[in-house]
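Participant: Sequence:
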Amino acid sequence: MKELYKKPLGDILVSRGEITREQLNEALREQNKTLKKLGQTLVDLGFANEEQITQVRALQIDVDYFNLQDHHFDPDVVSLVTENVARTYKLIPVKQTSDKLIIAMSNPLDIEAIDIVQFGTKSRVEAVLATEWRIMEAINRQYGSSSSDDIQQFMDQAALDIEVEHASADEDESIDEVKRQSDAAPVVKLVNLLLTQAVREKASDIHVEPRRTNVDVRYRIDGELHMVRSIPKRLQAAVLSRIKIMSELDISERRLPQDGRISVRIDNRTVDLRVSTSPSFYGERIVLRVLDKAGGLRPLTSLGFSENDLHSFEGLIQRPHGIILVTGPTGSGKTTTLYAALNMLRSESRNIMTVEDPIEYELEGINQTNINPKIGLTFSLQLRSILRQDPDVVLLGEIRDTETADIAFRAALTGHLVLSTLHCNSAASAITRLIDMGVEPFLVSSAINGVTAQRLVRVLCQDCKEGYAPDALTKAMLGLPADSDATLYKPKGCTSCGGSGYKGRLTVCETMVMNDAIGRLAMAKANSTDVQQAALKAGMISMREDGTNKVLAGITTVEEVRRKIFYDGDVLAEAGV
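Sequential numbering of the sequence shown, starting at 17, is according to the numbering used here.
It is possible that some hints are incorrect.
To be verified - Quick list of the computed label-pair ranges, beta carbon to beta carbon:
| no. | residue 1 | residue 2 | range |
| --- | --- | --- | --- |
| 1 | 501 | 240 | 30 to 36 Å |
| 2 | 439 | 77 | 45 to 51 Å |
| 3 | 157 | 454 | 52 to 58 Å |
| 4 | 554 | 241 | 35 to 41 Å |
| 5 | 297 | 441 | 31 to 37 Å |
| 6 | 80 | 554 | 52 to 58 Å |
| 7 | 85 | 56 | 19 to 25 Å |
| 8 | 365 | 131 | 43 to 49 Å |
Since the hints were made in silico from the structure, they are not lab data.
Because the structure is a prediction, the values reported are computed rather than measured.
Note that beta-carbon positions come from the ideal geometry of N, C-alpha and C, so glycine has one too.
Could you build the full structure based on these sequences and the hints that come with them?
Facilitator: So this is what it looks like as structure tokens:
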């Protein structure tokens, strides 16, 4: 059996029946493109999970595997190692015996980390292997209370240092005094901790919102806003100014919106924060969009596309020219999908260029450009410019106006592959939206390769989801027969998902491939209903059906799909309810 452990990770997984040889070969091809480790590539492609990869790694390096799920931590044992050491080396103490301290590590061969723990605890250390994300999750849980205490401590200290009785949004405070307050150590540490906590909790946005008597801090996690902190009103000016200083904004300007950017190092990785200020009744509110570079670039196969939609979309982006559109509301994952497409397309033989507002993630080997309306550098002007740079593929952040659309469509007809986004509700409505914008119907008919419309729904936590029997109304919405014995799932909440019952998000979408029938409808300026029917007839799986399939598979819930896509009255009428 020991011979097996000396084999490469992929071969061991195949021998154990965890993956197939075909899946391994596909992962190796993907690895050659992304240069990621094979284990991470298998996880990204959905062929294996991190627990399976970690168990095989334990066999390879001949250490014990430790599953942290549902492990009961002793606070006294955890406190033997500082939070800084735990986060830096990705480890956590799990057990102490009379003669040794057992620590779970993501890399048990890290001799330096083991020596540091042994020196600090004066104990002999035995290292075991655990999944990295479970280690970080455990660190966040076990040390989280201390971080919360730190935030409260710095708020209290800052409140003592800033002698302002009732600071209000209308008060004309001295800029020098505000700057002095914002540079004070407690305020600096308070803001840094708020940013760090948001990144560790995988928040996509941070909202800092002045109220009448306090300042609310909310994080958007998995698409939902959560209240996390209330800051005393007298700290408002200092905290807001500190964020504006970090993002190089004008702290004296409080009447007009401003945009900026912050780049910080958190837990040994670079995180960009896109900052937007906006005047409100009780003072400036600030929203920070968290752009975590570590999670920004994902393969298409990890986004949640069904097999049908994945096949259709991959076929579209392999065409030599034409336009591919991704539609949906703000926050529906359009940029992530486009970046995943670029990741699949990038190669030394292609010149790929982008026009973005702003550049959210830096992509190696791709020429990215940023618009700047303040100096007249608009989408249309920049697009005209890069079309003279001999591009093969162009990513246009968004089609916003007729001029930009016209340039993009003519570029698609002259041998360029153009990828862009459009704000509309469905794949079919993209056709009518473009014609309403003023794009000539013959350009829409001849230039578009296809349209993907999408939404993001939360994924049920697989550690705690609960099964239940749906009622008649739910069966009708899902198109199930009245006597169906199907089991659906609902969220429960556990330590693994932070009590929410959900963990992560995935795409629910529909991909419409342009054909002659849809082209003729575009030329005739047909309505979106007719276009939708033609697309369904050609084999498109609707967004509603895709969502239903994910509900029946136990991936998400009826409530999530209904909230994002809606099962309308027509669905119930068709079902006879």
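Participant: Compare the structure with each hint and give your call.
Facilitator: Taking the hints in turn, this is what the structure says about them:
{"no.": "1", "hint": "501 to 240: 30 to 36 Å", "in the structure": "holds (32 Å)"}
{"no.": "2", "hint": "439 to 77: 45 to 51 Å", "in the structure": "holds (50 Å)"}
{"no.": "3", "hint": "157 to 454: 52 to 58 Å", "in the structure": "holds (54 Å)"}
{"no.": "4", "hint": "554 to 241: 35 to 41 Å", "in the structure": "holds (39 Å)"}
{"no.": "5", "hint": "297 to 441: 31 to 37 Å", "in the structure": "holds (32 Å)"}
{"no.": "6", "hint": "80 to 554: 52 to 58 Å", "in the structure": "holds (55 Å)"}
{"no.": "7", "hint": "85 to 56: 19 to 25 Å", "in the structure": "holds (20 Å)"}
{"no.": "8", "hint": "365 to 131: 43 to 49 Å", "in the structure": "holds (48 Å)"}
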